[in-house]
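Student: Chains A and B, in that order, are what the protein sequence lines are. The C-terminal position of the first sequence is numbered 520 in this note's numbering, with every residue numbered one higher than the one before it. The C-terminal position of the second sequence is numbered 1394 in this note's numbering, with every residue numbered one higher than the one before it.
Misleading hints may appear alongside valid ones.
Said to hold, decoys possible - Derived DSSO-like pairs: lysine-lysine, alpha-carbon spacing no greater than 30 angstroms straight-line:
| # | chain 1 | residue 1 | chain 2 | residue 2 |
| --- | --- | --- | --- | --- |
| 1 | B | Lys1187 | A | Lys141 |
| 2 | A | Lys299 | B | Lys1278 |
| 3 | A | Lys161 | A | Lys150 |
Claimed, not checked - The calculated label-pair distances, taken between Cβ atoms and stated as ranges, are:
| # | chain 1 | residue 1 | chain 2 | residue 2 | range |
| --- | --- | --- | --- | --- | --- |
| 4 | B | Pro1259 | A | Met466 | 17 to 27 angstroms |
| 5 | A | Thr476 | B | Arg1362 | 30 to 40 angstroms |
| 6 | B | Glu1115 | A | His269 | 22 to 32 angstroms |
| 7 | A | Gly409 | B | Glu1115 | 35 to 45 angstroms |
Hints listed in this document are in silico derivations from the structure and should not be mistaken for laboratory results. None of these values were measured; they are calculated from a predicted model. All residues carry an ideal CB built from backbone N, CA and C; glycine is no exception.
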Amino acid sequence: MTDFDAIIIGAGHNGLVCASYLAKAGKKVLVLESRAVPGGCAATHEFAPGFNVSSCAQWLYQLSPKVVSDLKLPQHGLVYAAEGLATIALDDTGDHLHLQGDSASGGGVSIEDQKAYALFRKKMRKYAKLMKTAYDTRPPKLVEHDLHDKMTFAKLGLGMKLLGKDDMSDLMRLILINIFDVMKETFQSPKLQAALALDAVIGTPMGPRSPNTVFTYLHRFMGEVLGFEGATQVKGGMGTLGVALSNAATDLGAVVRYDTSVASIDKTHDRVTGVTLTSGEQLTAKLIVSSADPKTTFKSLLGYQHMETGLARRIEQIRFKSGTVKVHLALSGLPTFTGLDPSALGQRLVIAPSLNALESAFNPLKYDESSERPVMDISIPTIHDPSLAPNGQHVLSAIVQYAPLNPKGGWEALRAPFMTAVIAELTRYAPDIASLITAQELLTPADLADTFGMTGGNWHHGELTMDQVLMTRPATGISQYQTGIDGLYLCGAGSHPGGGLMGLAGKNSAQEIIRQGELA
Amino acid sequence: MNLPSRATMLLETPFHSRVAERCEINDWGNWMGYTTPNAFFDVELEYFSIRSTTGVFDLSPMNKYRIQGPDAEAYLNRMATRNISKIGINRVGYTVWCNDAGMVMDDGTIFRLGESDYRLCSYQRAIDWLLWCAMGFDVTITDETEDLAALAVQGPTSCTSLTEMGLTDLNTLKPFGMRTYDFEGEKLMVSRTGFTGDLGYEVWVSPEKAETLWDQLFDAGKEYLIKPFGSYALDIARIETGFIQAGVDFVPAEEMVRPGRARSPFELGLSWLVDLEKPLFNGRTALLKEKANGSRYRFAILNVDGNKPAEHSFIMKGDRQIGTVTSAAWCPTAKSNIAFAQLEMPEGAIGSEYVAEIYYQRELHWTRLLAPCKVIDGPIFNPKRRRKTPAIPH
């Protein structure tokens, strides 16, 4: 007799989604979380007295609407502070580019580009819709066709067919090239090109000329077919989502234990039997479902010595690089961005002047160095949600690229100069910003890795590249949330379809566990 | 036309000066990147030195890896199919190792030098795999291939030759045992192991002492008709005694390109090396499945009619091809025409009779020979002297 049907490692969003679905199916579920709060990357913290900010993810743009309704997240406290936000690509002379839905305006965008933009999005929507077929379920295996996999292939095949000949062959061409070339052949405006390319590279260790960046663009674009028209801001910061998920899981009967670190996953012969906590306490379950990234799960928790070498080697070879940093500024007042109406400050602001500027920012990352002129995705959440900062004061949160996990000379040497570079870049667009900063925080890839337990600081729990998606995510042979080790499943972003606060990995994994009859 | 695929300069072993001196017919081959004699003077006479007197083979190109550290035993138990814990100190064990698919990568011998100190001798280069296997274990892996010179000293008078050289009481060493002697101010290790199926030893010294070892051994063995032998003679001896060879009788699993070409230990007749009771080793899950569902192939030793070696032959059952031959030789001592074959299951039961379709060429004329053959139980050559302790004096 085991203590639980399933023990979920990690109360990140995927862990909680998986726990909720399993609990909903009547299973006895325990979630173990090393931090004091739920949500993992969906978290809010106070970085300076009275100033709160979304710790990692700052925008919601692809959370599965099915997960939201199945788990009744609004009833459990998920409230949006703002929805359908525009993206504004900042210009240092004040000629900013506004992107809202299918329309592009300002920033010197031509009529042709405006038309091309609408057409481009139409095409991307078609492709993303096709990808959604694969995202909504376990990835199909290529060899051992069972009925479920055949259905997925049939849907994908039909979807490809329905794209029409031109769009289908174009997808095959685009998916293997890079966002730089796609932008160059589609648009003329450097600002439009760069603003879209930023979406392709954000959260990745890639530049616009890197292969795989069309796939990552489509991955992010998935939100558009999931019902998000632009970025959404969660009230109270992203932690509200974490709390709502935790409430949903608890309401469905799952137990969530915080400040509880798993030291190891226990295994006898071929089967995983439970976990040992850092306190020494041992818990048993029919299944262990890990939402930790694959390397943490297999290397740190299970131990490579407890599995066959080929599996250990495939896990070790998963690429986990990141070039992403989080910057939080406490501001005594609202900064003035040249040429930008203060009413627009609540939108999603991006700094990515041109494709070459993006590529130049990326170049140093290849040599474990940081960008001289970083690019960024900025949120001033206090516009729509003043509760995050003391009265009249503001928070600026930015996802900044590029800086390495382990810079030459270490982060202690780079921390101050990199922050200076970020503020210098912001100052080009908001000249008064430096004078308003009362507190600041920089979360390096190493900090993100430590805080959120993400190997390499990669928020996808493994780079999203063509060799690490679908049936090869996280690695060949362990693609359908199963691990080849009886009793151990995966449900985190390291599994199909990847990260980005979608909740699909957690949902698909739970459905797969139920389908396999593992807990019947 | 077959062009040589690699133009790498071959290395010389520490015995090269002596081997070259003896290699009368100057017939050299490439063994794992080293230049080694195919034959010294006459393949058959070399072979008979193994079976009748003392034959000496330069074993130095064998890959040697030292595995040390607190987890050495656990490491080897995870890597290899057999239970390493059963190998005592100063003992040697033969084993194979598999990949996750349960397919054989290579075979080799494990020498237990101390409590947590082992040496693995493999036919293939293995450092890459050994290092991958080391993840998660507290072990150090050292490639000692170039730090050790070795001679195989095989045959009925081998013990006497070595004793004459100064390895006192060597006759008390049991099969798969090993022992250390002082030699020229250094240590010499001798193990009662070999690849010939005869009474025989392998002698391990530092490369600096290699030539001295050769000279002293040949001096001591002169009375006992000691002779060097090359790869061709070794091949006959190992076929006669039922030893398979990586790259010949199976494709090393991680070098395989075409799906399905690798073989499991069960399919190579090596199930006695697989300890499924061990909680974990590479290939275990797949091998358990194979055991439950059945293997695809069976390894068979065939006694083929006539004296034409059935090299590269098809094995036919009526009109149906049921297998192929991987190694074949006319075996002089057993006076049998032996072939190793891979037969499709369920073929290959002891006593089954088939036909070997042998093709051979004489003066540009190809001839097809249909030779009846029969699956035999175990190697045809397996003398008592191979195991007898104390070793029978000659």
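Student: Any hints this thing doesn't respect? Which numbers, in order?
Tutor: The structure breaks hints 1, 5; every other hint is satisfied.
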